[in-house]
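Engineer: Residue-level listing of the chains:
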Amino acid sequence: MGKIEWAMWANEQALASGLILLAGGIVGVAGQFRGWEFAAYAVAAGVFVCLLEYPRSKRAKGTSVERSGQYCFTVCVKAFGPLTRNYYVRAFLHAAICVPGGFMLATVLGCVCLGIASLIYLAAAIRGEHWEPILPRKDVRKPVAESIKNPPQNPPPRPPPETRRKQAKDLEGAAYDNPSSVTDD
Amino acid sequence: MLLRGSIRDNFFYTRHLLGSALAWARAPAAVLNFNCMLILLPVCRNLLSLIRGSLMCCSRTMRRQMDRNLTFHKLVAYMIALMTAIHMVAHLLNVEWYNNSRQGVYDELSTTLSDLADMENTTYLNPIRTTNLQIPLYFAFTSIAGLTGIIITLALILMITSSMEVIRRSYFEVFWYTHHLFVIFFAGLVIHGIGGIVRRQSNMEEHNFTLCKDQADDWGKIPECPNPEFEGGPAATWMWVLGPMIIYAAERLLRLIRYVQNVQYRKIVMRPSKVLELQLVKKGFKMEVGQYIFLNCPAISQLEWHPFTMTSAPEEDFFSVHIRSAGDWTDKLIEIMQKLPEGAQGPKMGVDGPFGTASEDVFDYEVSMLVGAGIGVTPFASILKSIWYRFKDNDPKLRTRKIYFYWLCRETHAFEWFADLLQLLEKEMEQRGLWDFLTYKLFLTGWDQSHADHVMVHFDEDTDVVTGLKQKTHYGRPSWDKEFEQVRRDNPASVVGMFLCGPAALANVLEKKCGKYSDVDPRRTKFYFNKENF
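For the record, the sequence lines run as chains A and L. Residue numbers for the first sequence follow this note's numbering, beginning at 1 and rising by one. Residue numbers for the second sequence follow this note's numbering, beginning at 186 and rising by one.
It should be emphasised that the hints constitute simulated quantities derived from the structure, not laboratory data. Glycine included, every Cβ here is placed at the ideal spot set by N, Cα and C. Take the hints with a grain of salt, since some may be wrong.
Said to hold, decoys possible - Quick list of in silico lysine-lysine cross-link-like pairs, DSBU-like style, CA-CA up to 35 Å:
| # | chain 1 | residue 1 | chain 2 | residue 2 |
| --- | --- | --- | --- | --- |
| 1 | L | Lys626 | L | Lys577 |
| 2 | A | Lys58 | L | Lys517 |
| 3 | A | Lys58 | L | Lys459 |
Said to hold, decoys possible - Quick partial rundown of chain A residues pointing at chain L, CB under 8 Å, derived from the structure:
| # | residue |
| --- | --- |
| 4 | Ile4 |
| 5 | Met8 |
| 6 | Glu12 |
| 7 | Ala16 |
| 8 | Gly31 |
| 9 | Phe33 |
| 10 | Val65 |
| 11 | Met104 |
| 12 | Leu105 |
| 13 | Val108 |
| 14 | Leu109 |
| 15 | Val112 |
| 16 | Cys113 |
As the list claims (entries may be wrong) - Chain A is faced by these chain L residues, among others (derived, beta-carbon under 10 Å):
| # | residue |
| --- | --- |
| 17 | Leu277 |
| 18 | Gln319 |
| 19 | Leu322 |
| 20 | Phe324 |
| 21 | Ile335 |
| 22 | Leu339 |
| 23 | Ile342 |
| 24 | Leu343 |
| 25 | Ser347 |
| 26 | Met349 |
| 27 | Glu350 |
| 28 | Ser355 |
| 29 | Tyr356 |
| 30 | Val359 |
| 31 | Thr363 |
Given only the sequences and the hints, what does the whole structure look like? Please build it.
Structural biologist: Here's what the structure looks like:
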C-alpha cells in the first residue's frame, strides 16, 4: 500500500459525508423534528463541506482527473492558501464541524461519516500530503526554428518572360538538361 | 408483501401513528431484500463459468451476458444505495413520529395506542417504551434495528466511497480491503429485522377498529372493545440472502482450493520492454482461445488476484501469460523474477480460471479479419497460434483458409514479443510454402519525423526496420475502405468474419464498414462484424 494517497479517498468520503449531512438536515428541518436547529446547522455545514471538497486535488503521482466544472471551486479554495492546502487544518475542521451533527438522529450518520473522513485526512497529513489545485496547463509552443524568421528576400530564379511564354507553347524547346543525375544509376 | 403489510386493516392503528411513512420504509426494504440477494451472484466468477459452460449449446448472447457481470454488480449496488437512502429517510420520520406519540404530542388515540404495554396483559404497538430520555437518537442506538441499521449503512457508505473509479483504478488495495466490509453489511442485514418492531394487530375479531377507534378511553373496560393486541413480523431478510451467501462462501473456498493447487513453472522469460512471459503448468487445466486467468502471488500480496489474458493456444501443453509492468503488483513480480537464478522455480503462484467467453467463432469463417488495437492484441496471440496448430493438423472444424490481421498500436514498445510470434509464424508458413495463409499489417499510429527518417534510410532492406518482419510497417491509421476493398477483391463469394479487440469508437467504424461492403447477393462477399469482448 506504499503509493496510496489517502487524501484521494478522504476527499471522496468527505464529499459523500457532506451530501449525507445535507440530506439529513433537510429531512430534519422539513419534518420539523425535535432539535431541528441541529438539522438547520447540518444543512449549512453540509453545503460548506461539499463546496470545500468538490475540487479534487492534483495527485502527486499520476494523472489527475478533475470533477466536471470544478475550476471555479478550485479558484475559490485556492484563495484560502495554507488553510485549505494543509490537511491537518482540514482534518481538525471536519472533526469540529461534525460534532453538532451527533446530537440528532437525522444527522448522526453524516456526523460519523465526516468523522471518518477527518481521520483519513489526518492520516494523509501525517504522510505529508497536501492539496494542490488542478489548473489548466498553458501549452508551451515549441520555439519556432530560426529559418522561419528569415524568409528569402528574393523570388526563385525564373527565365525571362519571353522564354516562359515559349515554354507554354513549345514543350520540346522548354526541355533542358539537369546539371546532376536524377536517376539511381 | 407491501400491500399485505400496510394497507390491510390489521395495520390501521400502526398507520394512525405513522402515516404513509411506514409504506415508504417497507417498500425499499422489499427492494433491498431482492437486491442484496442479487449483488453477491455476479462476483462468483466460478459459478458464472459453470453457467457459461453449460450454456455452450445455447445462444452466444446468453453466454456473453456473463462477461458483463461487473456492470450488473455496480447497477445493483446503485440500487441498494438509492433504496437505503429512501428507507433511512422514511424511518427517520417513523422514529420521530413514534417518539412524539409516546410523548403525547398528538391526539388521544395516538397517546392511548402508545401507552399500551405499560400495563400487564397487553402488548405494545409503539416500540418506544421508555417515557424519560425521549430522543429518537436514544431509541436508534438501543434497539437492534436502529443500531444495526446505522452500522450497516456506514459500512455501505465506506464501501461506496472506496469503490469510486478514481480510488479503484489507482489504489486498488484500499478498494479491495474496504470492500470486505460487506461481511459486516450482510451480518447486520440478517439481524436487522429480529426485533419485530413493525407491529400489526393480532386480535381483529375481538377488537373491531372501526367501532372502537373513537372510544380509546373505554378500551379494556367495555366488552366490545378489549385492548387491541399486537405482534411483530419475523425477520425475513435471511430467506433472501442465505442462498447467495452460501454460494459466495463456496466461491471463496474454491478460490482457496485453486490457490493451494500446485502450479509449476515451465519457463520464465524476460521479454524486451519489461514484459515478463510465464509458462505455467497445472494439472487438469483446460483453456479455450481468448480466455483469461487470475493470478495470485502471496509473496507480493496475500489477497490480491489480478487478471491476465492467456497468450498460449489450447493445443499447447502449458498455458502462458505475458505480463507488462503496469502497477505495484506487476512491478514487484517482474523484480522477483529478474532476481531468480537460471532455471529455478518461481515463487508460489495461485491460478484461478480460465474465465471469459471463448472466441470459438473465429474458426467458423472461411476468411477472417482480425483487428487488434494496442493491448487488445494479446488475445490474438492465443487465437493466431491456435489457428496455426489446427491448420497444421488439418483440423476439420477449422474452416479458415485465409486470415488478415491488422495490428494497430501507437508504438511497438512492450509488444516486441508479439512481433516475435509473427516472425515465427512467418517462417513456418514459408517452410510450407503457404504464403497466403496469413497477411498481417502493422500500423504505427504514433510515428514522428525520426521514424520517417529512419525508414527512408532503410528503404531498400528486405525486412521491416521496426519489427524485423517481411511485411512492411504502415504509418498512421489504416484506411479501412482500402482494406475492405482489397479483401473483397481477393475473396469474392466468401463469408468474412471480422473480429476486433480494441476501443469502442473503432468498433463503430468497423461495424459500419462491414455493413457498407457486404452484399446481399450470395455470389459476392459478405462481412460479419463480431462484437467480441475479449
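Engineer: Indicate, hint by hint, whether the structure satisfies it.
Structural biologist: Status of the hints after comparison with the structure:
1. Lys626/L / Lys577/L: holds (23 Å)
2. Lys58/A / Lys517/L: holds (26 Å)
3. Lys58/A / Lys459/L: At roughly 29 Å apart (the allowed maximum being 35 Å), Lys459/L and Lys58/A satisfy the hint.
4. Ile4: Nearest chain L Cβ about 5 Å off; hint holds.
5. Met8: Holds, about 6 Å.
6. Glu12: Since the shortest Cβ distance to chain L is 4 Å, the answer is holds.
7. Ala16: With a closest approach of 5 Å, the Ala16/A hint holds.
8. Gly31: Nearest chain L Cβ about 6 Å off; hint holds.
9. Phe33: holds (5 Å)
10. Val65: With a minimum Cβ separation of about 6 Å from chain L (threshold 8 Å), the hint on Val65/A holds.
11. Met104: Constraint on Met104/A satisfied, holds at 7 Å.
12. Leu105: Where the cut-off is 8 Å and the nearest Cβ of chain L is about 4 Å from Leu105/A, the hint holds.
13. Val108: holds (6 Å)
14. Leu109: holds (6 Å)
15. Val112: holds (6 Å)
16. Cys113: holds (6 Å)
17. Leu277: Check passed: Cβ of Leu277/L comes within 5 Å of chain A, closer than 10 Å.
18. Gln319: Nearest chain A Cβ about 8 Å off; hint holds.
19. Leu322: Leu322/L check passes; min Cβ-Cβ to chain A is 5 Å, inside 10 Å.
20. Phe324: holds (8 Å)
21. Ile335: Check passed: Cβ of Ile335/L comes within 6 Å of chain A, closer than 10 Å.
22. Leu339: holds (6 Å)
23. Ile342: holds (6 Å)
24. Leu343: Because about 7 Å separates Leu343/L from the closest Cβ in chain A, which is inside the 10 Å limit, the hint holds.
25. Ser347: Given a least distance of 6 Å, the restraint on Ser347/L holds.
26. Met349: holds (5 Å)
27. Glu350: Holds, because the Cβ-Cβ distance from Glu350/L to chain A comes to roughly 8 Å (cut-off 10 Å).
28. Ser355: holds (6 Å)
29. Tyr356: holds (5 Å)
30. Val359: Interface hint status for Val359/L: holds (6 Å vs cutoff 10 Å).
31. Thr363: With a closest approach of 8 Å, the Thr363/L hint holds.
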